[in-house]
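*Asks:* Chains as they are written, first to last, in the numbering used here: chain A, 1 to 177; chain B, 1 to 444.
Keep in mind the hints are simulated off the structure, nothing from the lab.
Glycine residues also receive a C-beta, built at the ideal position from the N, C-alpha and C atoms.
Fair warning: there could be bad hints in the mix.
[What the hints assert, rightly or not] Chain B is faced by these chain A residues, among others (derived, beta-carbon under 7 Å): (1) F27; (2) Y87; (3) V88; (4) V106; (5) L110; (6) G112; (7) D115; (8) G146; (9) C148.
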Amino acid sequence: MSHHDESTAERGPQEIADLPKEKVARFDAALPEILKRYPTDHKEAAMLAALRRAQEIFDWLSPAAQKLVANRLGAAVTRAEEVATFYVMYHTRPVGRHVVEVCTNVSCSLAGGYDLFDHLRKSLDVDNGGTTKDGRITLRQVECLGSCGTAPAMLVDEEMHESLTPQSVERILGGLK
Amino acid sequence: MSETLILTRRWPKNDPSIDGYRADGGYRGLEKAIGMAPAAIVDEVKASNLRGRGGAGFPTGLKWTFLPKDVRPRYLCINADESEPGTFKDRYICEYDPHLLLEGISIACFALDIHLAYIYIRGEFAKQARSLEKAIEEARAAGIFGGPKLLGKADFDLQIHVVRGAGAYICGEESALMESVEGKKGYPRFKPPFPAIVGLWGKPTIINNVETLANVPWIVEHGAKAFADLGAGKTGGTRLFGVSGNVKRPGVYEKPAGYNLKKLIMEDCGGTASGRPVKAVIPGGSSSPVLRGDEIDVSLEPDAIKAAGTMSGSGGVIVMDDSVCMVRALARIAMFYAEESCGQFTPCRQGTPWMWKILEKIERGEGTLKDLALIEQLPGNIMGQTICALGDAAAMPVQSFVKKFRNEFVEHIEGKGCKHGETGWGVSRGSREALVGGNRHAVR
Numbered sequence: 001m002s003h004h005d006e007s008t009a010e011r012g013p014q015e016i017a018d019l020p021k022e023k024v025a026r027f028d029a030a031l032p033e034i035l036k037r038y039p040t041d042h043k044e045a046a047m048l049a050a051l052r053r054a055q056e057i058f059d060w061l062s063p064a065a066q067k068l069v070a071n072r073l074g075a076a077v078t079r080a081e082e083v084a085t086f087y088v089m090y091h092t093r094p095v096g097r098h099v100v101e102v103c104t105n106v107s108c109s110l111a112g113g114y115d116l117f118d119h120l121r122k123s124l125d126v127d128n129g130g131t132t133k134d135g136r137i138t139l140r141q142v143e144c145l146g147s148c149g150t151a152p153a154m155l156v157d158e159e160m161h162e163s164l165t166p167q168s169v170e171r172i173l174g175g176l177k
Numbered sequence: 001m002s003e004t005l006i007l008t009r010r011w012p013k014n015d016p017s018i019d020g021y022r023a024d025g026g027y028r029g030l031e032k033a034i035g036m037a038p039a040a041i042v043d044e045v046k047a048s049n050l051r052g053r054g055g056a057g058f059p060t061g062l063k064w065t066f067l068p069k070d071v072r073p074r075y076l077c078i079n080a081d082e083s084e085p086g087t088f089k090d091r092y093i094c095e096y097d098p099h100l101l102l103e104g105i106s107i108a109c110f111a112l113d114i115h116l117a118y119i120y121i122r123g124e125f126a127k128q129a130r131s132l133e134k135a136i137e138e139a140r141a142a143g144i145f146g147g148p149k150l151l152g153k154a155d156f157d158l159q160i161h162v163v164r165g166a167g168a169y170i171c172g173e174e175s176a177l178m179e180s181v182e183g184k185k186g187y188p189r190f191k192p193p194f195p196a197i198v199g200l201w202g203k204p205t206i207i208n209n210v211e212t213l214a215n216v217p218w219i220v221e222h223g224a225k226a227f228a229d230l231g232a233g234k235t236g237g238t239r240l241f242g243v244s245g246n247v248k249r250p251g252v253y254e255k256p257a258g259y260n261l262k263k264l265i266m267e268d269c270g271g272t273a274s275g276r277p278v279k280a281v282i283p284g285g286s287s288s289p290v291l292r293g294d295e296i297d298v299s300l301e302p303d304a305i306k307a308a309g310t311m312s313g314s315g316g317v318i319v320m321d322d323s324v325c326m327v328r329a330l331a332r333i334a335m336f337y338a339e340e341s342c343g344q345f346t347p348c349r350q351g352t353p354w355m356w357k358i359l360e361k362i363e364r365g366e367g368t369l370k371d372l373a374l375i376e377q378l379p380g381n382i383m384g385q386t387i388c389a390l391g392d393a394a395a396m397p398v399q400s401f402v403k404k405f406r407n408e409f410v411e412h413i414e415g416k417g418c419k420h421g422e423t424g425w426g427v428s429r430g431s432r433e434a435l436v437g438g439n440r441h442a443v444r
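All chains should be modelled from the sequences, with the hints used to inform the complete structure.
*Replies:* Given below as C-alpha cells:
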C-alpha cells in the first residue's frame, strides 16, 4: 500500500459488510465451481481464480473484496493481499470502465507498439496506469503478450487484439462505452 | 523430401473439436499407449530424444524417470505460461489443436501413474484457456478421460484442469508455477529438492511445456526412432520457431530441430521487411545472448547453437535490421526483467532495475564511460547469485549486447544521444501491415 493520501473513493470499501449484498451473493454462488478443481484439503489453491472472479464482480479488488475472498477460502487476509498485489492483472485500485493494455516489448515496438502506446497516452491525456477523466478507459503499458508474430498487440478488458494499425485501434477504442 | 509436420499439420483452419481431431486420426497414440506397459512408454520417450521445449531443453524421458517409485499421489503440471518475450508458439497449440495437447497429457499421465494434471496458462491467454476448457469438456463427454476409464477401456481415472495465471512472467519458472497453482504469489523455491521429488503440495510433480507434451502422441504412434531421426544430435523431432521483428513473413514455423537460423530468417521469412541488412538476432527468447547479423549461419539445435555462444531456448527468434538502436532494444529488455523480478533475492531485485536505469541514461545521451564500465560489470554480479534463472536471464542479454555492439554504446555516450531516430525502434514500425499484407494468423 502506498503512503500518499488517498481519497475515500480510491481506498474503497474496507469491510465485507460494506460490499453490495447482491454482488457478494453472486461471488458465493460462483465459488463451488472454482473449488471443484482442487483437492478438498487445498482450498487456498483457489486464491487466484477466486480473486479473478471477485474482480469481475466488484470491478476491482478493494480491501473488502480481498477480505471476502480470504474469508471464503479460510485463508489469512494477508494471503489474499499478497496475491492481489503480486500479479499485474489484479487491480487493487479503481479502474476505468475499460482497461486497455498495450504491449511495448521488443517485438511489438519493432512493429510500432511503443508508438501506439505513446499516441494513446497523448490522445487520451493519461499517464501510464491512469484513467481518463470520464472514467471510460484505464491505459497501461504491459509486458510481452505472446503475440509477437502478430505485433503490435493489446488487451482490451483482457481480450487480445492483434496486428494493430492506427485505424483498427481507433475502431476498437471507439466501440468502448 | 516432404517435410514432416507433427505439431502444426492441423493449423490453423482445421476443426479443433474432438470430432475434427478424431477424423484426422487423433487419440490413436493414446489408444496404442493404453495397450503398452507404462514403463515401455517412458522408455520410448527417452529413446526419442525429446527435449523440453520451454527453454531449458532438458531430456523429457529422463525427467520422467526422476519420480520416486512409491510416493503417491503424483501430479503433472503443464507449463502454458508462455511469457518469454519473442515466444508465441504454445498459444497456437492451445488454440488450434487443444486435443493434441490433451492426448499428450493423457499418455504422460498413464505412463507415470498420475491422476491429476493442471494446465497452468498465463492469464492473458483468455481465448486459449477457453479453447482448452471446451476441449476438456468434449473429451470428458466422449469418455476419453475424466471417468473411471481411459478411452472407455483402461481402468484409469484422470482429471485435467485449466488453471489461469494472473500476469507474472516468473510463474513460467517451474517452482514458481507450482506456488501459483497452490494459490500463492510466484516466488521460486530453492532447488534441490527438485519438483520430481518434492513438488506440488509437497508431492512428486512433473512439469512439462505444452509443445513438449504435444509431441508425445506422435512418438508413441510412430516410434522413438522416427522422431529422433527428424532431429539432429541429441535433440529429436521438429521444433516450433516463432519469428518476429523485422521480417517479411513473421509467424510460427515448424522445422527440424537442427534447422539453420539464417535459412529460417532469409528464406522462410523472406529476410527483413525493410530490405535492409540484418543487424541483430535474438535467437531463443529475450534472455538468449544476441547474435550479430554475420553470426546467424548456425544450427538451432540446442547443443550446436550453444557452441556459438547462445541458445535456441524457447524458439522465439527476434530479428532487427540496421535501423534499430541496440541501446534502445536492450534497455527495453532490461526493463522487462526489472518489472518481472519477483523481488525475493537482492542481486536480482536491485540489480535488474539498476541495469535498466543505466541503459536508459545512456540511450538519452546522459551516460558516461563510467556507466558503460558499470553496465559491463553488473551482469556478472547477478549471474548465479539468485534463487532462479531470472537473474541469469536478465544478465545474458546485457552482457551480449554490450559486448557485440559496444561501439554503439560508446557513440551514445560520446555523441550525447541516439542517432536512430526519435524512438530508436527503426523503420519497420507502423508499416508492418503494408509490408506483410496483414498477417492475421502468424502461422506458416
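*Asks:* Give a verdict on every hint.
*Replies:* Checked hints:
Annotation: A/F27 was flagged as interfacial toward chain B, and the flag is violated, the nearest CB pair being 16 Å apart, outside 7 Å. For A/Y87, the shortest C-beta to C-beta distance to chain B is roughly 4 Å, which falls under 7 Å, so the interface hint holds. Taking 7 Å as the C-beta cut-off, the interface hint given for A/V88 holds, the closest approach to chain B being about 4 Å. Below 7 Å, beta-carbon pairs count as interface contacts, and A/V106 has one with chain B at about 6 Å; its hint therefore holds.
Below 7 Å, beta-carbon pairs count as interface contacts, and A/L110 has one with chain B at about 5 Å; its hint therefore holds. Checking A/G112 against chain B by beta carbon gives a least distance of about 4 Å; that is within 7 Å, so the hint holds. A least Cβ separation of about 6 Å between A/D115 and chain B falls short of the 7 Å threshold, and the interface hint therefore holds. The beta carbon of A/G146 comes within 5 Å of a beta carbon in chain B, closer than 7 Å, and the hint placing it at the interface holds.
Hint status for A/C148 relative to chain B: holds, with the closest Cβ pair at about 4 Å, below 7 Å.
Consistency note: the structure conflicts with earlier hint 1 alone.
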